[in-house]
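**Student:** All chains should be built: construct the whole structure from the sequences, respecting the hints.
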Amino acid sequence: MSAIDLGYRAVVLRRGPVSGLIGVRSIVVCGILVVLILGLGIASLGIGTYPLSPAQVVGALLGTDDDTRTRLLVVTWRLPRALFAIACGVALAVSGAIFQSLTRNPLGSPDIIGFSTGSYTGVVLMTLVVGSTGYLDRAAAAVVGGCVTAAIVYLLSVSRGTVRSFRLIIMGIGVGALLGSLNSALMISSDVDAAMLTAVWAAGSLYGLSHAQLWPMVALLVVMLPVVAFIAPGLRQLELGDDAAHGLGVRARRVQATAVIMGVALTALVTAAAGPISFIALAAPQVARRLTRGSGLELVPSALVGAFLLLASDVLAAQLGFPVGIVTVSVGGAYLVWLLAAEYRKRT
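In my numbering, each number is its position in the sequence shown, counted from 1, plus 393.
There could be a bad hint or two in this list.
Ranges of calculated distance between the beta carbons of each label pair, as one might list FRET restraints [unchecked claim]:
#: 1; residue 1: Arg-462; residue 2: Arg-686; range: 46 to 54 Å
#: 2; residue 1: Leu-713; residue 2: Pro-609; range: 26 to 34 Å
#: 3; residue 1: Ile-415; residue 2: Val-620; range: 18 to 26 Å
#: 4; residue 1: Gly-573; residue 2: Tyr-547; range: 15 to 23 Å
#: 5; residue 1: Asp-586; residue 2: Leu-529; range: 39 to 47 Å
#: 6; residue 1: Asp-586; residue 2: Leu-732; range: 38 to 46 Å
#: 7; residue 1: Thr-461; residue 2: Ile-719; range: 19 to 27 Å
#: 8; residue 1: Arg-646; residue 2: Asp-586; range: 24 to 32 Å
#: 9; residue 1: Pro-619; residue 2: Arg-462; range: 18 to 26 Å
Worth flagging that the hints you see were computed from the coordinates, not collected in a lab. The structure displayed is predicted, hence computed values, not measured ones. Using N, Cα and C, we set each Cβ at its ideal position, and we do this for glycine too.
**Tutor:** What follows is the structure, encoded as structure tokens:
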């Protein structure tokens, strides 16, 4: 049997009945991203009012540094924030990759099509109306709000029994704008202290998060990511079109429903913990696709790019004294303008 020229160098993985191809360029890009994340993470743990050298940071992490103050700064205070940035970046990037794959559009991001706003609305209702600020309560409210918003956008996007990606994006932008107005109305009509607390949280910040909030989020993330990996082959086949995917034996509706639930849940997970952090879900999958020169769903590179982008944004935010959400909106807004211009040039 003759070999098939794929147009790029790839590594074949086989384990029992399961096999797959991984591009050599993707492996190299992922390796570089892991090194960059580790290096930036160590650097971030040394930045602060009391600066530490990389040797001191590594010593505190490995337990070889006998200085109690250094271990307290690194392990107890600074490490949870860095790990939160990495975990939230992974969750947002994977969510963005899911929705961009489903819509087959680079603008198909949960923060663009309103799902992030729906999760935020759920948390606002839980905080201002119900009066609960517990993490699990907020997480449940964020998931419910995101899923209800996704269902509304989906129903409004159905035309003649099919959902068109452009219509989905437009409807999502409209629903997101309505929910944004509702959130503002709720904060204006609520108690001043509660509204101010919600407004500060709404900026999207990793400040003050500790191990107590970190590990529940990591546990949920570890449960959800294998589910996403399981449906990833079906998502890649759906990018060829529903009819082609049906011909290959893909249960399209089941894969789509699972993908939407996972995408909304990943976004809600971040929203419940740190507030709405925009544009990582939009930018990370596109940056990963350009780095790997891939043409479809790139889950692992997207996750690593998202972790690096959010960690870098948080380091910059800490230096400026701003919430990380302000930094991601500023940088992501410029990226969105460039993306829209590129899409317009492509269509003309």
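**Student:** Could you check the structure against the hints above and give me the numbers of any it violates, in ascending order?
**Tutor:** Result: hints 5, 7, 8 and 9 break, sorted rising.
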